[in-house]
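Chains A and B are the protein sequences, given in the same order. Per the numbering used here, the first sequence starts with residue 4, numbered consecutively. Per the numbering used here, the second sequence starts with residue 4, numbered consecutively.
Take the hints with a grain of salt, since some may be wrong.
Since the list gives no way to pick one copy over another, a pair counts as held whenever it fits inside one copy or between any two copies.
To be verified - Each computed DSS-like pair below joins lysine-lysine, with the alpha-carbon atoms no more than 30 Å apart:
| # | residue 1 | residue 2 |
| --- | --- | --- |
| 1 | Lys86 | Lys242 |
| 2 | Lys48 | Lys240 |
| 3 | Lys95 | Lys242 |
| 4 | Lys86 | Lys240 |
Source of the hints: derived by calculation from the structure; they are not laboratory data.
There are 2 protein chains.
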Amino acid sequence: MLDVCLLGTSGMLPLPNRWLTSLMTRYNGSSLLVDCGEGTQIAIKEKGWSFNPIDVILFTHYHADHISGLPGLLLTIGNSDRKTPVTLIGPKGLIKIVNALRIIAPELPYELQFIELSENSHHFEINGYHIDAFRVMHTVPCYGYSISIPRIGKFDVNKARELNIPQVFWNKLQHGGEVVIEDKVFTSDMVVGAQRKGIKVTYCTDSRPVNAISLNAADSDLFICEGMYGENDKECKAKENRHMTFEEAAKLAREANVKELWLTHFSPSLIRPADYIDNIKTIFSNVCVGADGKSVILHFEE
Amino acid sequence: MLDVCLLGTSGMLPLPNRWLTSLMTRYNGSSLLVDCGEGTQIAIKEKGWSFNPIDVILFTHYHADHISGLPGLLLTIGNSDRKTPVTLIGPKGLIKIVNALRIIAPELPYELQFIELSENSHHFEINGYHIDAFRVMHTVPCYGYSISIPRIGKFDVNKARELNIPQVFWNKLQHGGEVVIEDKVFTSDMVVGAQRKGIKVTYCTDSRPVNAISLNAADSDLFICEGMYGENDKECKAKENRHMTFEEAAKLAREANVKELWLTHFSPSLIRPADYIDNIKTIFSNVCVGADGKSVILHFEE
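Using the sequences plus the hints, can you model the full thing?
Structure (structure tokens):
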């Protein structure tokens, strides 16, 4: 299972009762964060999730509302008795920016490891998380992320018995290994079925609606996407500032055939985002307005 | 009148429902801020005070909890249509630190002016604020601030009439000017009484209780002082981390003969600071636990 929390939903500015847009996931004891603007550490504390297991921090881009909370967060992770490295991933320039901000957080009891993105797409596997970064279109280099938990195929007990493989080797074969028994080689595919559908969450802010988004979000269980403006007549403004309207996000969700869409990164001028949600249900019905602390636990399908 | 608001009361970490310690004052259309940790801009918004008139930002020191909110605040001031310079004052290193943090706030529609402190005391006069900075004792260079609004002496109408000074010159003389009428020189002191008691607020965090504090806080209308720990048995910890207990702050207030003491900068471990307030009322009775957004309007005495 993958535990997902949208920590905040504000774009541009943190507001009273609306934290800056940020995502946190928990899987198998390892936490992952996407973006951390001013106040994200308070949103995490409010949610009640721990700082110590934050192993990976992904950045979409380096506008202040997506990274201004980093120095405080790094110090708070340090106060949680963290000793093992934390991996930071983001567009080119990451090291320079983080090191500049660390002028007020110079001493940390753990190491930072950096991965800078420069290609149109990157793939990483960290602590069971399969992370796909894909370049989107904003006013500065910006990436969306798909976070997947793949699910191995079903182990065929009958097949394993037929092949006389002792039970002690089953676990190894189930997880892709191979074993040699009396000069006979047994490989995983002999006893494990085709890979089953895993869990996939796609997160995208800030961007115009480009093909890379729907391609990468394809068949996601949850698609969290920016909706800077609810009003359709703000499309010009959205184009100018390289953001999206609710309608544009809904069209991406439909194209990508996702199960569910949460909107986030609302303009400070968008006081009641829920007022604009009915307009887009004809485009994509399983949509909801994100809310600070909104969570879901995603399970493998039965 | 001077409008004073304690924006937050947390030390070390911002917490849900406890913003980081910061002070804001308003006088004659000009606002002044002391420290801005992560979230201070949200606290200002919550209070309902404007960003545009913030002319001066004072820093006690550069631990993250006192400056981490600066990049976001500078951007938000920029969004408020600010065009005129903002003056930043703080211990030596200010320019280097602010420029490093501005890696995520490089473009501002107004200029920043810097004043770095290196002496034991400094005096500034900005927009009617008389600011006294005084060095205190923390783990890094740190300053306390007294913010005073002086009050000119009473204009003696009878004296002015006796001297046959035409009324058109009264205002100039009242404000310290001099006028020449038919070769006769009239100076301010001829018609204006001794300076009257003004308004004075003293703010001090983070520090051990040193003499400079009670000397500079002398006769303040309001003394806002750190009280990192409520429990007296935390004195050793306070000494080690260069902070104060409630009792130590109360003793300073008594020595300084201030009218009122507000405590702030509470340790995250101090869940209910109000539990420890009765213990120190025997030392200084007019004390209260600071609270986020706690305000007072200070007037000249009648």
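(request) Against the structure, test the hints numbered earlier, and report the numbers of the ones violated in rising order. (result) none
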